[in-house]
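K.L.:
Sequence:
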Amino acid sequence: QPHGEDCAQCRPLRQGERRLDARHGDEVGTVTLTVEGEMDLGRFKTWLGTFVWEDAGRLGMEAYRYKGLLSIRGEAERYFLQGVHDTFELEPGPSPVTGDAPRSRFVFIGKSLDEAYFRTHLRALVEQRTPSERE
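Under this note's numbering, think of the first position of the sequence shown as 554, with each following residue one higher.
In case anyone wonders, no lab produced these hints; they're calculated from the structure. Idealized CB from N, CA, C, for every residue including glycine. There's no promise every hint is true.
To be verified - Quick list of the computed label-pair ranges, beta carbon to beta carbon:
(1) 652 with 618: 26 to 34 Å
(2) 629 with 668: 12 to 20 Å
(3) 612 with 651: 19 to 27 Å
(4) 685 with 595: 17 to 25 Å
My request is simple: use the sequences and hints to build the entire structure.
P.N.:
Here it is, written out as structure tokens:
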């Protein structure tokens, strides 16, 4: 039987609220970022290792899954990033399309993710500075 306009179950969906699986709760979300420019592969690996093995737990974040396509300084190819929890791999991927500005794209799925943290740290990697330095 169809639900009516006053159906309490349907009302939140019509109002644009999303429902999450109860086993995860409201703290699970996605952070999607595009960062213009190129970054150093070694510095990126160091940052990502520090995030998944130290910072995430200290800051109350959990990264369940993450992917990316990175523009690496001095490399003809972009790199694919794939990770699950604290395990990740980076592999050479496709060459950028001629004329495309260098950029890296990321998707992080997890619990209590702080978009500002990712934006600040990834931007610092492109700008070759530490996140605490002012722009």
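K.L.:
Please list, smallest to largest, the hint numbers that this structure does not respect.
P.N.:
Per hint list: 2, 3 violated.
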